[in-house]
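There are 2 protein chains.
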Amino acid sequence: MSVRIAKNSGFCFGVKRAIKIALEAAGDHDGIVTLGPIIHNPQMVSKLADEGIFSVNKSEDIDGRTTIIRSHGVKKETLQELNNDNIKIINATCPYVSKTQDHGQKLSEEGYQVIILGDKDHPEVEALKSYIQGDAVIVANADELPDLKFNKVGIICQTTRNIKDLQELVQKLVPLSREIKVINTICNATSVRQESTTALAKESDLMIVIGGKNSSNTKMLAKISENFVKTYHIETSYEIEDKWFEGIDEIGLTAGASTPDWIIVEVYNKIIECMGSIEDKIESVDDIPGFKEEK
Amino acid sequence: MSVRIAKNSGFCFGVKRAIKIALEAAGDHDGIVTLGPIIHNPQMVSKLADEGIFSVNKSEDIDGRTTIIRSHGVKKETLQELNNDNIKIINATCPYVSKTQDHGQKLSEEGYQVIILGDKDHPEVEALKSYIQGDAVIVANADELPDLKFNKVGIICQTTRNIKDLQELVQKLVPLSREIKVINTICNATSVRQESTTALAKESDLMIVIGGKNSSNTKMLAKISENFVKTYHIETSYEIEDKWFEGIDEIGLTAGASTPDWIIVEVYNKIIECMGSIEDKIESVDDIPGFKEEK
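In order, the protein sequence lines correspond to chains G and X. Counting in our numbering, the first sequence runs from 1 upward without gaps. Counting in our numbering, the second sequence runs from 296 upward without gaps.
Only chain G is shown next, with the shape it has when bound in the complex (with noise of 0.2 angstroms):
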């Protein structure tokens, strides 16, 4: 039996600058708040609140207080109002998070009615649409799009999405259109984490994916190694069980941008104990075998 990570799992650029940016305020400001969590991983924002860094969700709740954006960002008319209140903002937003609601927003300038390929309910979704002059329709897949013909329609993707749902809508697209303008604005952190899960689902006969249950691209993950093999999603190490290991050989191990390394380190360490070892444990995800992290 044998453990191995996708080379590409766990921390992002944009999560490690965003709690980068709360750990060195929380060392420079009394009373720190994010607005909603700063990123989409409970423990992490648990741990973060040790730092006394809490996160708030809604903006009556931040009592005047220094307010961390969140790496998902936040509307347009909410940084208004916090501007508008004098309340000292530290912005987290990733930055490819931010230039996608640039692009959002020159699209809806130049005429085009936007389609955002994402999911409505998550706040970078939301944040995005608001950067977006008219109404921007949202899907999640190619299957609801509205029953509709376009003269020029432009379309952006939340960031954590996945390339075939972006194919798939954009042929879609092509008949129904005059002209299309297509920025692919799936950040290369998702897109080598899902090559790289579907790697090494590919090979395994197990898959454990590590993340915030509300974190979009750790859900994503799950989405694609489910495909190739029977895929569990945890966020702690005390979900394993026991029995998920009976008859299998290889287990593959993934985690999402928000997943933090002592987090995929308990889990491993975990799956060796499940496995009867207790020598073989570990101290860093870099002692994983198959983890390189992206450059």
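Since the hints were derived computationally from the structure, they do not count as laboratory data. It should be emphasised that the depicted structure is a prediction, and the values quoted were computed from it without experimental measurement. Where a beta carbon is used, it is the ideal one built from N, C-alpha and C, also for glycine. Among the clues, some could well be false.
[To be verified] Lysine-lysine pairs mimicking DSSO-like chemistry, simulated, CA-CA at most 30 angstroms apart:
id : chain 1 : residue 1 : chain 2 : residue 2
1  : G       : 172       : X       : 447
2  : X       : 497       : G       : 172
3  : X       : 459       : X       : 424
4  : G       : 149       : X       : 311
5  : X       : 401       : G       : 99
6  : G       : 152       : X       : 447
7  : X       : 459       : G       : 223
8  : X       : 444       : G       : 223
9  : G       : 230       : G       : 281
10 : X       : 371       : G       : 152
11 : X       : 444       : G       : 292
12 : X       : 518       : G       : 149
13 : G       : 219       : G       : 76
14 : X       : 587       : G       : 172
15 : X       : 444       : G       : 129
16 : X       : 302       : X       : 538
17 : G       : 164       : X       : 447
18 : G       : 149       : X       : 514
19 : G       : 129       : G       : 58
20 : X       : 401       : G       : 149
21 : X       : 444       : G       : 219
22 : X       : 424       : G       : 149
23 : G       : 202       : X       : 444
24 : G       : 172       : X       : 302
25 : X       : 514       : G       : 172
26 : X       : 459       : G       : 149
27 : G       : 120       : X       : 447
28 : X       : 467       : G       : 106
29 : G       : 99        : G       : 219
[Stated by the list, open to error] From chain G, some residues computed to sit far from chain X (all C-beta separations above 10 angstroms):
id : residue
30 : 4
31 : 33
32 : 51
33 : 78
34 : 135
35 : 203
36 : 213
37 : 229
38 : 241
39 : 243
40 : 249
Using the hints, position chain X against chain G.
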């Protein structure tokens, strides 16, 4: 045994317009030439020669005569040369072809690497290419795409291509490109002819596609029809053989956008003759069951 015609068949707007321009010019001027065949139908080109409108293949053969620009357009440089030589020019380029040239030029000016979906040896594509700054990539289908990644890629089509080929091309480009702009320049006359050919082919035991062997849109109709049923591509009624109709019940006819009505009528009457009937002969395409010109 019955014979029906695809509801959109024969001359399109651009071809009708080009022939009208040529015939009007024939009355007005002495010594008129077209630079290349005005449309891709040898029989029609021969009929125009009877009216004193001759097709020459090279600028050198114009010999100072008034020159009609063919429906497929001409290279930018060639137009410039004719102007420099003070040749009187009558432009019969299809307006949809001209629009495609404008789109190609604009895409290249906007910094897009232009990809043309088309036949690199077709005069429409040769002309279109000349309006694009820098090197355009020309592919007949997605399989011909070079193994490259693109920053900004702009796609336009020869007006007579198939929407499925455009869909496949765009789908293949999505993961290879940061930004894609697709201008669907497949003209409506092409689309409706392809759709009604598909519909009729599905209901027929045999399809006869009428039009120039050098006609891109006619060849495409034959290719589409072949996916469903035995298909013959002919230029005139003289090619028809009695044995084609043995054991055949439902015969479908369709004609390319450059096929004149009189040829369609001759073909229909020849089929009726092969079927052993003489009384059912017709004088107009409107008398063939199924025909309905697009608006």
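Claimed clearance of chain X by residue 33 of chain G, with the beta carbon kept past 10 angstroms: 36 angstroms, holds
Interface-negative label, residue 4 of chain G against chain X, beta-carbon threshold 10 angstroms: 25 angstroms, holds
Pairwise hint evaluation, residue 302 of chain X against residue 172 of chain G, where the allowed Cα distance is 30 angstroms at most: With Cα atoms ~26 angstroms apart, residue 172 of chain G and residue 302 of chain X stay inside 30 angstroms; holds.
Pair hint outcome, residue 459 of chain X versus residue 149 of chain G [Cα-Cα no greater than 30 angstroms]: 17 angstroms, holds
Distance restraint between residue 172 of chain G and residue 447 of chain X, which requires alpha-carbon spacing of 30 angstroms or less: At roughly 21 angstroms apart (the allowed maximum being 30 angstroms), residue 447 of chain X and residue 172 of chain G satisfy the hint.
Hinted pair residue 444 of chain X and residue 219 of chain G, Cα distance within 30 angstroms: 28 angstroms, holds
30 angstroms limit on alpha-carbon distance, applied to hinted pair residue 149 of chain G and residue 514 of chain X: The hint holds at about 28 angstroms.
30 angstroms limit on alpha-carbon distance, applied to hinted pair residue 371 of chain X and residue 152 of chain G: 28 angstroms, holds
Hint consistency between residue 518 of chain X and residue 149 of chain G [alpha-carbon to alpha-carbon, up to 30 angstroms]: Answer holds: residue 518 of chain X to residue 149 of chain G is near 27 angstroms, not above 30 angstroms.
30 angstroms Cα cutoff - pair residue 129 of chain G, residue 58 of chain G: 19 angstroms, holds
Satisfaction of hint between residue 172 of chain G and residue 514 of chain X, Cα-Cα up to 30 angstroms: Answer holds: residue 514 of chain X to residue 172 of chain G is near 25 angstroms, not above 30 angstroms.
30 angstroms limit on alpha-carbon distance, applied to hinted pair residue 401 of chain X and residue 99 of chain G: With Cα atoms ~25 angstroms apart, residue 401 of chain X and residue 99 of chain G stay inside 30 angstroms; holds.
When the structure is compared with the earlier hints, no violation turns up for any of them.
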